[in-house]
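Keeping the supplied structure of chain A fixed, place chain B upon it in accordance with the hints.
In order, the protein sequences belong to chains A and B.
1 is the number of the first residue of the first sequence in my numbering; add one for each residue after it.
1001 is the number of the first residue of the second sequence in my numbering; add one for each residue after it.
Derived from the structure by calculation, the hints contain no laboratory data.
All residues carry an ideal CB built from backbone N, CA and C; glycine is no exception.
One side only, chain A facing chain B, incomplete, derived with CB under 10 Å:
(1) Asp37
(2) Leu86
(3) Ala89
(4) Asp111
(5) Ser130
(6) Tyr147
(7) Leu151
Here are the chains, one letter per residue:
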Amino acid sequence: MKKLVIYLMAGHATPELAAAAVEGGADVVELGFPFSDPLADGPVIRRAAERALVEGMRTRACLECLARTRELAPDTPLVPMTYAALLEAYGWERFAAAARDAGANSLIVADLPAGERPELRRVQLVAPTSTDERLRLAAEQTDGWLYLVTLTGTTGARDDLSPALAGLVERARAVTPVPLYAGFGISTPGHARAAAELADGVVVGSRAVEIADEGPGALRTYVASLREAIDST
Amino acid sequence: MTSTAGLFGTYGGRYVPETLVPALDELEAGWRDAQNDPAFHDELDVLGRTFAGRPTPLTRAERFAPRKRLYLKREDLLHTGAHKLNNALGQAVLARRLGKDRIVAETGAGQHGVAAATVCARFGFECVVYMGEEDMRRQRPNVERMHLLGAEVRPVEFGTRTLKEATSEAIRDWVTNVETTHYLIGSCVGPAPYPELVRELQAVIGREARAQFLEAEDRLPEVVIACVGGGSNAIGIFSAFVDDPDVRLVGVEAAGAASLGTGRAAVLHGARSSVLTDDDGQVTDAHSISAGLDYPGVGPEHAWLRDNGRADYVGTTDEEALAAFRELTRLEGIIPALEPSHALARVRELDEEDVLLCLSGRGDKDLAEVLAH
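Okay, chain A solo, but in the shape it has when bound:
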């Protein structure tokens, strides 16, 4: 069965939203810990991060959000996603330990490429521009699954699923048996189905963050539509 990963920005309403996403069929929830200067993010997630910071979602508050989410979604893998600056300030091992204690199953650091700090267990990202050697390295170092960034660009919805995904999946499969989940630019059930046909799982971020603004009900419905699309492959 293909996996559905939903990304949500940490916030006061997030634990309930995460629970709604799980009810809708999400297998994994990524929790964005906002950073003031998120290089990998397009306007939707960047604005969500700004709002979260204004709301007071500093590292401590994000860890509390994670812990509350763990209570509401006890069986769902939870993965904080953030930028190196937060770990640098908190202490790299200290952050990893605190996240684990709060219920995290792993971690994603968007600006810490494979090969850097290999001792920090995390889900590695690869991109269409990654060389085969880097695919191999990332796969060796990744924690559980490999995050395939489908396009050359930042996060954000696009009209069509990136044509670069098929080639990236093929190259990644050639060097590793690790599960491959595709993300960036996936927003509609159509995109999700097309991506799930190629990969082992699908990550939806920006569109989920937008719909989450409409409340848990809307999010549950949206996630259910993605679930249905993925399950039809």
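Chain B in isolation, oriented as in the chain A frame:
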């Protein structure tokens, strides 16, 4: 890629999304190749002399600081009006060697944007410059210049609307267009190899100044002083004296943007450096009357020079910079940019007498701002 490459002590590194790693590897390889190629150095030398106006003079300032023997390295006389062109020319040649035909750049005061637009006109590249909306307002002439040169200037309308956001947007553009595009970064910041690359391209300032000072005074300066925003003119002039232990190095920041004075170790724009952040690593606002110094980060090599004691870093307020701007203008007949005015403001209180200051740019772009204060 090794993880010890691109480090200055514990600063530097490559904190970037995976998408950019192959581009940085390609840039690094192309840069090493160019460094070992006499034709590259010859080409830069010819461009420097015939297009940019090198060597720039070393001017003895007689009246500004009467108790000092003050020499000004005149990067204000370089084509486009600031030291930025040294770096833009070198990176344009590199971009051509790498087969790129689109340039993306960030700019604060607009001098680097103008330099980038200038080299793109000269080399026939497409040029996109990101500039904070607030900076566009306070550096209007440079915006107009970039347009005339054929560059597209994209305003950045969120956050502080200054250099920090312009840099982030330039990087996001590069992430999106990495196969066709070279990111022509304007200072010695960013992921490796940029800090080293930019230093090497600005090192011509130091090489020339050292020879000129020796010719004028038959000895080395006692102190070399320069303003520090990202830090490229400073690192360029410092580089010729780093191995001379009797030459003190002083970097001058804007007091409201004192990344080295009041910042802490953090990650911004691809490098670990000294940044104005809160306890959580969130970047805080910088404030400076001068757009080119209004940046909460700084080149990682400066953080290292500070920590190992090789260079001292001090601050200058907006008011002090404005006063120094006016004094140099009235006493020497040179209108400095607001950025090096910060360094000028600290000259009279230096212990040393033989002073070499990098006058990194001219002040035409600042007239409206100065006259409004």
